[in-house]
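Participant: Starting from the structure of chain A, add chain B where the hints point.
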Amino acid sequence: MTACWHIALREYASFFRTSIGWVVIALYMLLMGIWVARAIIPGEPASLRAVFQTSQILLLFVAPAVSMRLLAEERRSGTIETLGTSPASDWAIAFGKYFGALFFLLTMLAPTGLFLILLEVIADPDYGPIATGYLGVVLLGMLYLSVGLLFSSFTQNQIVAFLGTLFFFLILLLATTIGATTLGEPWSEYLRILSLGARMDDFARGVIDTSHIVFFIAISFWFVSLTAMSLEFRRWR
Amino acid sequence: MIELTQVHKRFGQVHAVRGVSFRIEPGQIVGVLGPNGAGKSTTIRMITGSMPPTSGRVSVDGLDAVDDSLEVRQRLGYLPEANPLYPEMSVTGYLRYRAGLFGIRRSHRAAAINKVIDRCWLSEVTQRRLAHLSKGFRQRVGLAAALIHDPPVLILDEPTNGLDPSQIAETRSLIRDLAGDRTMLLVSHILPEVERTCDRIIVFAWGEIRADGTPDYLLSRGRATIVLEANTPTPEALVSALRALPGVSGIETASLDDGWVRATIEGKSRETDLREPIARACRDANLLVRELRPSKESLESLYLRLVQDEPEPTGKSKPGATP
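Here the protein sequences come in this chain order: A and B.
So that you can map any letter, position 211 of the first sequence is 211 in the numbering used here, and since no number is skipped, the others follow by simple counting.
So that you can map any letter, position 134 of the second sequence is 134 in the numbering used here, and since no number is skipped, the others follow by simple counting.
The set of hints was computed from the structure by calculation and includes no laboratory data.
Hints are not guaranteed to be accurate.
Said to hold, decoys possible - Straight-line alpha carbon distances no greater than 25 Å define the calculated SDA-like cross-link-like pairs of lysine to any residue that follow:
no.: 1; chain 1: B; residue 1: K296; chain 2: B; residue 2: S220
no.: 2; chain 1: B; residue 1: K135; chain 2: A; residue 2: T79
no.: 3; chain 1: B; residue 1: K115; chain 2: B; residue 2: L130
no.: 4; chain 1: B; residue 1: K135; chain 2: A; residue 2: E73
no.: 5; chain 1: B; residue 1: K296; chain 2: B; residue 2: D199
no.: 6; chain 1: B; residue 1: K135; chain 2: A; residue 2: G78
no.: 7; chain 1: B; residue 1: K115; chain 2: A; residue 2: P87
no.: 8; chain 1: B; residue 1: K135; chain 2: B; residue 2: R106
no.: 9; chain 1: B; residue 1: K115; chain 2: A; residue 2: E73
no.: 10; chain 1: B; residue 1: K135; chain 2: A; residue 2: R75
no.: 11; chain 1: B; residue 1: K115; chain 2: A; residue 2: T2
no.: 12; chain 1: B; residue 1: K135; chain 2: A; residue 2: T18
no.: 13; chain 1: B; residue 1: K135; chain 2: A; residue 2: S77
To be verified - Some but not every residue of chain A turned toward chain B, in silico, with C-beta under 7 Å:
no.: 14; residue: A3
no.: 15; residue: H6
no.: 16; residue: R10
no.: 17; residue: S14
no.: 18; residue: R17
no.: 19; residue: G21
no.: 20; residue: S77
Note that the Cβ used here is the ideal one computed from N, Cα and C, for glycine as well.
Only chain A is shown next, with the shape it has when bound in the complex (with noise of 0.2 Å):
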């Protein structure tokens, strides 16, 4: 528990330490900046509505921007052997990089505080569809980062590692979109439990379904669980 802590926290901080980090938030903020402007429309009510449906697209592209480099840096620096070699299991290194990728999302996630301050200033915001559209955005960013870490296990190039991760999602968001329309019952059916924005869109319109919690909180745990086996697998093949 604690190397995985500890594993946490150097992840954490690297991304600080090196540029990736703040090019990353520098990048979110400016296109969140971009359509927090498109969404304020004078005589409209105060919503981001709009810009939490748009987050899950840029999501898309900037969580396997973060997670791209935790396992897959490891693996091609050769850090991976002295982490190995260290009594952290599997386990507690795979949820230790999930976590410190975990809090820079949420780090990055914050400065988007201005927005509101900006909002509260011109207009009266309503924060119950707020506060559930920034839960769907952090539940949504688990998701993607647990599967960008499944991806970087895979692989010692990040660069695999970030389109793995993109095209797992695409082709995710093509199967419940034009999937789940043209594709007849049962196939539809099961298409639309795991559409992503349909859920995403609840959370916008201020619905707190417990049922989407769980499922964002249960798949990601499972695919971080799928990491922790993928990385013992490696060692004892």
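Facilitator: Positioned in the frame of chain A, the structure of chain B alone reads:
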């Protein structure tokens, strides 16, 4: 203590380690020597819990390297050959991270870090980033990281790799200092390094142990020969004079530039002193002798001979010699 019992490792068709057994007691510095691809690194990886043996048992302090992997790793200090580090971290930051990984309590961490910084002569670079350190300092950081939890078992893979001669000498004396009651395994393909630092040498080749013992014991296994320089019209005359001697098993001759002939004579047993019979034989054959001396095979030529031959294709391992 490290103990390997009939350990085999196969990667598909490749039989990388073939029935290796040895036992290393605390307080011993053991050098593992062998050419590249001899199975040294694979053996080390099995001890450190990076991979399981295909068959056989690996144990550290009586704990199984596969079943009790975490406990084994807690007892190991390991410096890998490539000495991988996180370039973006500072020396102290990295050591603090390693201390945390090994479960050193916050209250003891600073003391543990200071101790290894002192031991490995790192005090002048504590705040420097690892990326900006010279190879010598990086190697010391790797060694400090391996020592941070004061492990009873220390495994160093090519610890003087890439160091300059004065750093090599420093590292060697550090290694001797560190020994104490630790079990130490030093992997190298540099013979003099192992010869000077280690109490015992294990020679690997083709996945098996070719020799195992103290440097003196290994030397005693080397060929003992007698070198003779005589003035003879033809080398054949010298050979025919010596071949008749009962104790002689082989003679090699070489003509020297000044017309003399040098013969290297191998005896049937190491114990029989052949000098006197040879001198008599030369006198009887009317050959003038200017040099007659016993010669022992150097560790280097013994080592080269040991690692040369490929094993039998059946894959059966020869039993390693014991001291």
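Participant: Determine for every hint whether it applies to the structure shown.
Facilitator: Evaluation of the provided hints:
1. K296(B) <-> S220(B): holds, 9 Å
2. K135(B) <-> T79(A): The hint holds at about 16 Å.
3. K115(B) <-> L130(B): Given pair K115(B), L130(B) holds - Cα atoms ~19 Å apart, limit 25 Å.
4. K135(B) <-> E73(A): Between K135(B) and E73(A) the Cα gap is close to 21 Å, so the pair holds against 25 Å.
5. K296(B) <-> D199(B): Given pair K296(B), D199(B) holds - Cα atoms ~21 Å apart, limit 25 Å.
6. K135(B) <-> G78(A): Between K135(B) and G78(A) the Cα gap is close to 16 Å, so the pair holds against 25 Å.
7. K115(B) <-> P87(A): holds, 21 Å
8. K135(B) <-> R106(B): violated, 30 Å
9. K115(B) <-> E73(A): violated, 30 Å
10. K135(B) <-> R75(A): It holds: about 21 Å lies between the C-alpha atoms, which stays within 25 Å.
11. K115(B) <-> T2(A): Judged against 25 Å, a Cα distance of about 22 Å means the pair holds.
12. K135(B) <-> T18(A): holds, 21 Å
13. K135(B) <-> S77(A): holds, 16 Å
14. A3: holds, 5 Å
15. H6: holds, 4 Å
16. R10: holds, 5 Å
17. S14: With Cβ-Cβ at 6 Å, under 7 Å, it holds.
18. R17: Because about 4 Å separates R17(A) from the closest Cβ in chain B, which is inside the 7 Å limit, the hint holds.
19. G21: violated, 11 Å
20. S77: Holds: closest Cβ of chain B sits about 5 Å from S77(A), inside 7 Å.
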